[in-house]
Amino acid sequence: MRLAERTLAIAVAVLLAMPAAAEPVQPRIVELRADWRGDELFVGYRVVDGFTEESLERARSGMPFTIRHSLELVAKWIVPLWPSQTLDAVRVDSTAIHDSLTRTYQLERRWVRRHRGESPIENREARSGATEAEMRAWIQEFPDIVLCSREELPERGATLRAESVLGRRWIWYVVPGSRRVDLTRRIER
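Using our numbering, the letters of the sequence shown correspond one by one to residues 531 to 719.
Derived by calculation from the structure, the hints in this document are not laboratory data.
The structure displayed is predicted, hence computed values, not measured ones.
Here are the in silico distance ranges between beta carbons for each label pair:
hint, residue 1, residue 2, range
1, Pro613, Asp579, 27 to 37 Å
2, Arg640, Leu611, 32 to 42 Å
3, Ala667, Asp569, 21 to 31 Å
4, Ala663, Ser591, 11 to 21 Å
5, Ala663, Gly687, 30 to 40 Å
Don't be surprised by glycine CBs; every beta carbon is placed ideally from N, CA and C.
Assemble the whole structure, with the sequences as input and the hints as a guide.
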């Protein structure tokens, strides 16, 4: 047998001997809530299956683990090919840091909100002493917030876009990419 044929035979044998990789559970956005309470639009959502084994190990090791949630309320113009108008945009960075001494998590949310092109409004919320179950619930949820009022929403309605960036992944072990999930929903007055 020649060297090339032998190398090919070994490569095929190695590939066949490798166990089949289990299909990873894909994260998804569920419960994209958009409720009118009086004249205010409250929105929020939750991500399920947002943690991989690598991200859990990272969180347990004490390194900060962050999921970035974004919501945008966008109105299309009546004229085709005209750019959309962003009515409101909110970005929430949910971070968890494990304290190995107390075996609890320190949790933090940073909010940045841009309303119709105004200067951004920032807010911060923190909590400590959380268990792993509380950390998972905290970091995968975009809590209900007021996005706009009925009078600010155009007559033709708008589209609500929700997106979460769930950390980094590697494509072919070389190219960095991010794990993203998104969902859209139509909002009417």
